[in-house]
Amino acid sequence: MTQDSNKENLGDKFKKTQVFRAIFRTGGIIETHKQRVLVTLNNVFLHLHPVRLPKHAVKVKYTWCMGGLSFFVFLVLTVTGILLMFYYRPTVEYAYGDVIDLQEQVPLGIMREVHRWSAHLMVITVWLHMFRVFMTGSYKPPREFNWVIGVILLVLTMLMSFTGYLLPWDQLAIWAITVGSNMAGATPFLGAAGPGASLLAIGDVNFVHSASDARFAMLGGRFVGEGALLRFYVLHCIGLPFVIMIFMIVHFWRVRKDGGISGPT
Amino acid sequence: MSTDTSKSSPERQSDTMDRRSFIKWCAIGWSAFAAVIGGYGALLLRYLFPNVLFEPKQSFRAGVPSEYTTGEVSERFKDLYGVWIVRDSEKIYALSTVCTHLGCTPNWMPSETKFKCPCHGSGFYKTGIHFEGPAPRPLERFKIGLNDEGEIVIDKTRKFQQEKGEWSDPESYLLA
Numbered sequence: 001m002t003q004d005s006n007k008e009n010l011g012d013k014f015k016k017t018q019v020f021r022a023i024f025r026t027g028g029i030i031e032t033h034k035q036r037v038l039v040t041l042n043n044v045f046l047h048l049h050p051v052r053l054p055k056h057a058v059k060v061k062y063t064w065c066m067g068g069l070s071f072f073v074f075l076v077l078t079v080t081g082i083l084l085m086f087y088y089r090p091t092v093e094y095a096y097g098d099v100i101d102l103q104e105q106v107p108l109g110i111m112r113e114v115h116r117w118s119a120h121l122m123v124i125t126v127w128l129h130m131f132r133v134f135m136t137g138s139y140k141p142p143r144e145f146n147w148v149i150g151v152i153l154l155v156l157t158m159l160m161s162f163t164g165y166l167l168p169w170d171q172l173a174i175w176a177i178t179v180g181s182n183m184a185g186a187t188p189f190l191g192a193a194g195p196g197a198s199l200l201a202i203g204d205v206n207f208v209h210s211a212s213d214a215r216f217a218m219l220g221g222r223f224v225g226e227g228a229l230l231r232f233y234v235l236h237c238i239g240l241p242f243v244i245m246i247f248m249i250v251h252f253w254r255v256r257k258d259g260g261i262s263g264p265t
Numbered sequence: 266m267s268t269d270t271s272k273s274s275p276e277r278q279s280d281t282m283d284r285r286s287f288i289k290w291c292a293i294g295w296s297a298f299a300a301v302i303g304g305y306g307a308l309l310l311r312y313l314f315p316n317v318l319f320e321p322k323q324s325f326r327a328g329v330p331s332e333y334t335t336g337e338v339s340e341r342f343k344d345l346y347g348v349w350i351v352r353d354s355e356k357i358y359a360l361s362t363v364c365t366h367l368g369c370t371p372n373w374m375p376s377e378t379k380f381k382c383p384c385h386g387s388g389f390y391k392t393g394i395h396f397e398g399p400a401p402r403p404l405e406r407f408k409i410g411l412n413d414e415g416e417i418v419i420d421k422t423r424k425f426q427q428e429k430g431e432w433s434d435p436e437s438y439l440l441a
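Chain order of the listed sequences is W and Y. The numbering of the first sequence is my numbering, which starts it at 1 and goes up by one. The numbering of the second sequence is my numbering, which starts it at 266 and goes up by one.
Simulated from the structure, these hints should not be mistaken for laboratory data. Accuracy of the hints is not assured; some may be wrong.
Said to hold, decoys possible - For the chain W half of the interface with chain Y, some residues (derived, Cβ under 7 Å), not all of them:
1) 41
2) 43
3) 47
4) 175
5) 217
6) 221
Stated by the list, open to error - Chain W is nowhere near these chain Y residues, computed Cβ spacing over 10 Å in every case:
7) 284
8) 300
9) 310
10) 336
11) 379
12) 386
Yeah, the Cβ is synthetic: ideal placement off N, Cα and C, and Gly gets one too.
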């Protein structure tokens, strides 16, 4: 088709093979604008990205890249988190020792620190991302629903932080979660120490007591012990990441569908 | 052998559903679906509350009164049950080891005769009354009594709060 088609290079030859064309749905040589669009649309990973970007959207000064950095840090946390799970056992007997073991004895013991510092960093980047979105007015219609999704993602990030806090099973962890979970005990009607809980009773039988309230559901016990460690571990490693990923998918998709990154008006 | 002649036959028409019964069946179907999902939700909620807890009992025997020295705070049951047993010149009472600020466990400081919480510095007298730090109210006391063998029995499911005037309740102390 082109003038120099008779001296095509090795890459072009490879792109014509069945292997390449089977894997990449937009096969062949990419020449037209339509084909370039199709490369993005026909790829599951690329199709999350817009085909074209407004110039301001790539300005670091405008976006700070905080949303992208939050996602990057999330990926770092996923990888390091999975690696930590190879050594960490969420039991009262082993948890603290395994964390020390991870730092002192396991090769590349920095993995735990990377996870920990990334966790701190993610809270910071998510917060800065929210600040940027607020300052550029990007929460305004048509993006108001994506702001709501973003707030949910912030809460989920906090819950990831909170559940991860308990896992080292040191004094700081236990008492921090004791203090934090006592707030759940003060939930109106649902917490044993909360207002209205004593109203939910028939005669002497209390329905909301220390073994049947919101705090108990969280801790799996009356105090921060074995049950709490296991529940927090499962939530931290499986439950919350699953939920956070679903909201992330919707969040990224809505950024595009609501007209891409907002621009200066 | 007949091919698709039934389509135009008159009895075929009675099989089609009219609007009213379609809506009725939709309502029944969705109600059943909602009920099943709701039921699973309730089961899931119940699943979070196990029937057996591998925790120390809420009620326990704490020996006979003569094992406790007048004027001293016993830490015998602090770790297992979260209770200090205090004997003064008049009575014996069981103090909760849960700080009334945010739920940490204070330490008994014998030299200063006070309970001091390591988390935020709340201080309590031997009676449980708060006097320093952020704690908003005194430590709670538990129900205390004697069984037929003359042993002290402490029931943590009944608590007595000073600010509600419950410490005068005879079940909240033992006369020494």
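To see whether the hints hold, each was checked on the structure:
no., hint, result
1, 41, "violated (36 Å)"
2, 43, "violated (36 Å)"
3, 47, "violated (32 Å)"
4, 175, "holds (5 Å)"
5, 217, "holds (4 Å)"
6, 221, "holds (6 Å)"
7, 284, "holds (35 Å)"
8, 300, "holds (23 Å)"
9, 310, "violated (8 Å)"
10, 336, "holds (30 Å)"
11, 379, "holds (20 Å)"
12, 386, "holds (13 Å)"
Of the numbered hints stated above, those contradicted by the structure are hints 1, 2, 3 and 9, listed in ascending order.
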